[in-house]
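Peer 1: Starting from the known structure of chain A, arrange chain B on it as the hints suggest.
What follows is the residue order along each chain.
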Amino acid sequence: MLLIFVVETTESNKSDEMYIKKYIRTMFPQLIDSPGSVVKWVYMNGKGNYKKNSTLHKIEDYSKRYLRFYENVNDIHVIYCVDLDDTCQALDADNNKRLNREIKAFCDERSYKFVWFNRTIEEVFLGKKILRQKDKSKEAQKYIRKEILNIEYGSEAYNANDYMEGQTRRTNLGTILAKL
Amino acid sequence: MFRIMRIEVSGIKGIKDKISFDFENQTISKRIFDKPAIKAIYGTNGSGKTAILTAIDIYINLCLDSFYLLKIDNSASLKKLINKQTNFFEIKVYFITDDAVAYTHRISINARADKPYIEEEEIDRIVGKTINGENEVLLRIKNAECISYRDSETELYKKTDDIVKEAIAKVSEYRSVITLIGDGIFRSKIIKIFNPEGRNKPLDNKTTIAAIFNTRILSLSTYVYLGASDKHKEVTVGSFLEYADALKSKISEPDKVYMSQTEIVVPVGRIDELKEHIQSVYKFIRLFKPTLKGIELIKTQEGEKYRCRMVMVYPEYSVDYEYESAGIKNLIYMYDCLENSSRGGISFIDEMDVNINEIYLERLCSYFMKYGKGQLCITIHNTAPMKILKGGKHSLDFINCSQEAISWIKNGSKSPSNDYKDGMIPGIPFNVNDFDFIEVFGES
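Residue numbers (the numbering used here), protein chains in the order written: chain A, -13 to 166; chain B, 2 to 445.
Worth flagging that the hints you see were computed from the coordinates, not collected in a lab. These numbers were taken from a predicted model, which means no experiment stands behind them. Fair warning: there could be bad hints in the mix.
[Claimed, not checked] To spell it out: a stretch of chain B is covered by chain A in this simulated footprint if at least three of its residues, at any positions, have a beta carbon under 8 Å from a beta carbon of chain A; those stretches are:
hint, segment
1, 393 to 405
2, 425 to 439
[To be verified] Derived lysine-lysine pairs resembling BS3-like cross-links, with alpha carbons at most 27 Å apart:
hint, chain 1, residue 1, chain 2, residue 2
3, B, Lys391, A, Lys50
4, B, Lys81, B, Lys14
5, A, Lys38, B, Lys415
6, B, Lys388, A, Lys50
7, A, Lys37, B, Lys422
8, A, Lys44, B, Lys388
9, A, Lys50, B, Lys415
10, B, Lys422, A, Lys50
11, A, Lys44, B, Lys411
12, A, Lys37, B, Lys415
13, A, Lys38, B, Lys422
14, A, Lys44, B, Lys422
15, B, Lys415, A, Lys44
16, A, Lys50, B, Lys411
17, A, Lys44, B, Lys391
Quick reminder that beta carbons are idealized off the backbone N, C-alpha and C, glycines included.
Excised from the complex, chain A in its bound form:
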């Protein structure tokens, strides 16, 4: 199985990857530890780049290379991981919602999985917003060092379904991963 997580952060920051990987390692270790499971990360550098050529090219490159050895196209899962946010950089609340819907529609069209964090991945895992980019990686590093986490893994907060109406500190990450 090839899991391609498409995350919002940059390759140098990797904070999204840290949270998601810690969660997978705790709740779904077989997805990381099984020799038959390849986990790759694609960095969008902002959710607005969700269909940028560089993002799509990377997904395609991993998929093609995987298929050279494994052949079964159904074993490839592309998982977009997106903060729902209130507002996003230059976007106001309405346009941010529109962008979220566009990404969701894009994922549906391509049979990609759409994982959302309400409102941000930091709010889901840390319970607080991290505003400055340079603090995001530091906070994520602190988080993954912890043996016991401040939110119980596998709780309802990680298994929500309705992304638009969901309460804050919720995500559908667990729901999506459980179906793989």
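Peer 2: Same frame as chain A, now just chain B:
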């Protein structure tokens, strides 16, 4: 000359089930000898690379040492090396002579008893056009009893059959039939038939006796270097003279030359050959360390043998071999294997990249790809040589976490190094990131 075409191994260290490596194309043909053969085996730590070479080392020892299984140290170490779940080790070697006659030799060791013993041994000649084709059983021994023997068709060879059968009847389950060739009485009986007037008559490769001889010479021409950390025996055979002797006369047995970490023991009459050899070692090491001015041999006579120490000479000082850097010592140790492969022999080197600068490593691999006459099989972690190795057939293999062998198949400009590092080789996902170590080393 010989080439190994395939090796199948099971029941060694963590390898429970059969794992198979192809070294050449499957067609039995003299053309196999036209091109150099180098194979690199990659895999994560603990995937079984060393286990494969350990299996080959055991095989060579079984074929060369009549007392291998009777020695307490070997017996104890085999009990530890053979897979704990199966307690049963098996190796099957497919090889071809330069006359394009191909054989298989299979030995299985049962380690369920206190003392491991040979449960089965079989030599077949491959009569089909490929190694997967039909086999003719030449010899099969089970629990020290010969249950199948292919008789020769000519009168001359029928005489050898009687000698071989008589000898096999006396071989215990602790000794491979191949070691018979090391037995002076057995050998002289055979020589009397073939060389009554000192003529050097070649053996008919289709006969059982020739298969036994050829397997013995294969063993003599195959060197295994496991590296100092993986030695499961006290003395390493650095037998650069052995193979030369074997080639000179297919039925004479060579004088042994032993090389350990501290000394080389050589028969008095062969000291000049050793000096010549040390001069070649010096030329080799100089490529890596140009400041080296020479290697001196300090020798002490003990009866019919010389005990020799190597001293490395630099412009301002000299260093005893024992105190030379780990990298240089490793290169000296590997030299015999590399030289053996370059002139037509077969060598297996475990973790060849240990202590070798990546650039030298690449160029060394490139030499064997272009100019080597024999076969070289290495286990390795450094991915730099992949761009050279990807051009050859059967040059690049991987052992994955499920202990399966995966062969790299050339595909245009596709990079094995990228696919390997990106976890695309089946069963080697490398799902590890730099930040995963934060959980281990980071402050709590």
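Peer 1: Please go over all the hints and tell whether each is borne out by the structure.
Peer 2: So, going through the hints one by one against the coordinates:
{"no.": "1", "hint": "393 to 405", "result": "holds (count 3)"}
{"no.": "2", "hint": "425 to 439", "result": "holds (count 11)"}
{"no.": "3", "hint": "B/Lys391 with A/Lys50", "result": "19 Å, holds"}
{"no.": "4", "hint": "B/Lys81 with B/Lys14", "result": "8 Å, holds"}
{"no.": "5", "hint": "A/Lys38 with B/Lys415", "result": "25 Å, holds"}
{"no.": "6", "hint": "B/Lys388 with A/Lys50", "result": "20 Å, holds"}
{"no.": "7", "hint": "A/Lys37 with B/Lys422", "result": "26 Å, holds"}
{"no.": "8", "hint": "A/Lys44 with B/Lys388", "result": "22 Å, holds"}
{"no.": "9", "hint": "A/Lys50 with B/Lys415", "result": "12 Å, holds"}
{"no.": "10", "hint": "B/Lys422 with A/Lys50", "result": "16 Å, holds"}
{"no.": "11", "hint": "A/Lys44 with B/Lys411", "result": "22 Å, holds"}
{"no.": "12", "hint": "A/Lys37 with B/Lys415", "result": "26 Å, holds"}
{"no.": "13", "hint": "A/Lys38 with B/Lys422", "result": "25 Å, holds"}
{"no.": "14", "hint": "A/Lys44 with B/Lys422", "result": "15 Å, holds"}
{"no.": "15", "hint": "B/Lys415 with A/Lys44", "result": "16 Å, holds"}
{"no.": "16", "hint": "A/Lys50 with B/Lys411", "result": "16 Å, holds"}
{"no.": "17", "hint": "A/Lys44 with B/Lys391", "result": "24 Å, holds"}
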